[in-house]
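Chemist: Sequences and hints are given; from them, build the entire structure.
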Amino acid sequence: MTTPNTPLWEVFIRSRNGLAHKHVGSLHASDATMALLAARDIYTRRGEGLSIWVVPSTAITASDPAEKGMMFEPAESKIYRHPTFYEVPEEVGHM
Amino acid sequence: MYTQALNTADTDDRGLEDAAKAAQFQARIDAEERIEPNDWMPAAYRKTLTRQISQHAHSEIVGMLPEGNWITRAPTLRRKAALLAKVQDECGHGLYLYAAAETLGTSREELVDAMLSGKAKYSSIFNYPTLSWADIGTIGWLVDGAAIMNQIPLCRCSYGPYARAMIRVCKEESFHQRQGYEIMLTLCRGSDEQKAMAQDALNRWWWPVLMMFGPPDATSQHSDTSTKWKIKRFSNDELRQKFGDATVPQAQYLGLTIPDPGMTQDAEGHWRYSEIDWTEFKQVLAGNGPCNRDRMAARRKSHDEGAWVREAAAAYAAKRAQRQTAQAAE
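Chains A and B, in that order, give the protein sequences.
For the first sequence, position 30 matches number 27 in the numbering used here, and the numbering has no gaps at all.
Residues are numbered in the numbering used here as their position in the second sequence, beginning at 1, plus a constant of 266.
In case anyone wonders, no lab produced these hints; they're calculated from the structure.
Mixed in with the good hints there might be a few duds.
[Stated by the list, open to error] Here are the computed lysine to aspartate or glutamate pairs in the EDC-like style, where the Cα-Cα straight-line distance is at most 20 Å:
#, chain 1, residue 1, chain 2, residue 2
1, B, K437, A, E45
2, B, K567, B, E375
3, A, K65, B, E302
4, A, K19, B, E375
5, A, K65, B, D305
6, A, K65, B, E298
7, B, K346, A, D61
8, B, K548, B, D483
9, B, K437, A, D38
10, B, K287, A, D61
[What the hints assert, rightly or not] Label-pair restraints from in silico Cβ distances:
#, chain 1, residue 1, chain 2, residue 2, range
11, A, R42, B, Q593, 32 to 38 Å
12, B, T493, A, N2, 31 to 37 Å
13, A, R42, B, G535, 36 to 42 Å
[Unchecked claim] Rough simulated footprint, nothing fancy, chain B against chain A, three-plus residues with beta-carbon under 8 Å:
#, stretch
14, 15 to 24
15, 37 to 46
Glycine included, each C-beta is placed from N, C-alpha and C at the ideal position.
Modeler: The following block contains the structure:
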């Protein structure tokens, strides 16, 4: 190949129901404008969204899966952060 | 977030593999956990999946050719719009799959080059010609029907990016099968000539479609480890039987005859097909099918003729980046 590999972009789409932009996949494009056009063609052929973000894949910093124990364990032991940890008598009703 | 940069830095599985890591990996698979791009995986798992997903992607792209052949000759505007949308979908499916394959650390450019050089394969079915409009109906009904049968279990494949790509593909694919069956139904309710055209297409496609599921279980090379790794959930013969059982009643409804005089229904209701001619399958895989050379020539021509577009887009992006750097320096 004489031309260098085309950069990779991650695509995020906000669906009609007003939720946050969600990662839907990736694609190759030489620049941001072409990435947006390609994202429309590849990921919204059936009206999947009202807004698209494209982000260069190299701009994403990811956590290391090998360290996921250390990273997420502190949250797992803190069950008192969930509402079900607390007892409320049934007579009180829904709370 | 499956960047190539992250994956190429991964040198874990070059050289001797850690037996403890391999056991841990298998335990995750057995627990139905999904494997993600940057997780540790055996080199053979990576290699098997890269081959399988990229072949799947090549098949979607080459699969556009036999159908694209009929876009300009579709009988009505409604049929033309539907066929155009279907071929566009196949292109989209190819791209989802290339993206999934790339997360394993091989670039799309390398994957495409492997196909264009003939090193990587694509599905044998796309080496058959589309001779009449009824072939377009048959492809939607049977070829896409067989693909769905194969792809639904892949939605639960152990490799996360492949499973997610398959979920999108399956959602879109059911329109393909229904539009094909509708074409067949219209032909079968039409004139005698139209019905004969539908029967002729079924006669030519039936056996090649059964071959799509791959060699019989007794001779398949990759099945054992793929099953252990939960890439594969059903064997080739199991899927083939499911497909046969689903398809025979659909053919009966159309009033068409499956071109297999030896086919019988057993006591459990399964439709048992006759012996498949595996020499034909091997010939087509070896490059000697009716359209192998045409398909490869068409792909190479399209790739070569698109080179200036890729180069121009890259040059424009480089120029803009340079201008931005210059402006920032002012």
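Chemist: If a hint holds in the structure, say so; if it does not, say that too.
Modeler: Going down the list of hints, with the structure as the test:
Among the hinted pairs, K437(B) with E45(A) is consistent with the structure: their alpha-carbon atoms are about 12 Å apart, no more than 20 Å. With a CA separation close to 16 Å, the supplied pair K567(B) and E375(B) stays within the 20 Å bound. Straight-line distance between C-alpha atoms of K65(A) and E302(B) comes to about 13 Å, which keeps the hinted pair within the 20 Å bound. Distance check on the hinted pair: K19(A) and E375(B) sit about 27 Å apart at the alpha-carbon level, beyond 20 Å; violated.
In summary, the hint linking K65(A) to D305(B) is supported, as the alpha carbons are separated by about 11 Å, within the 20 Å threshold. This hinted pair checks out: K65(A) and E298(B) have alpha carbons roughly 18 Å apart, not beyond 20 Å. Taking the CA atoms of K346(B) and D61(A), the gap is near 49 Å; set against the 20 Å cutoff, the hint is violated. Using a Cα cut-off of 20 Å, the hinted pair K548(B) and D483(B) holds, with the two alpha carbons roughly 15 Å apart.
Taking the CA atoms of K437(B) and D38(A), the gap is about 17 Å. The hint holds against a cut of 20 Å. Our distance criterion of 20 Å between C-alpha atoms is met by K287(B) and D61(A), whose separation comes to about 16 Å. Between R42(A) and Q593(B) the beta carbon distance is about 37 Å. The supplied range of 32 to 38 Å therefore holds. Against the hinted window of 31 to 37 Å, the Cβ-Cβ separation of T493(B) and N2(A) comes to about 34 Å, which satisfies the hint.
Checked against the hint of 36 to 42 Å, the C-beta distance between R42(A) and G535(B) comes to roughly 38 Å, which is consistent with it. Counting residues of the stretch 15 to 24 of chain A whose CB lies closer than 8 Å to any CB of chain B gives 4, so the stated coverage by that chain holds, three being the minimum. Given a C-beta distance limit of less than 8 Å, the hint that chain B covers the stretch 37 to 46 of chain A holds, as 4 residues qualify and 3 suffice.
Comparing the model with each numbered hint stated earlier shows that hints 4, 7 do not hold.
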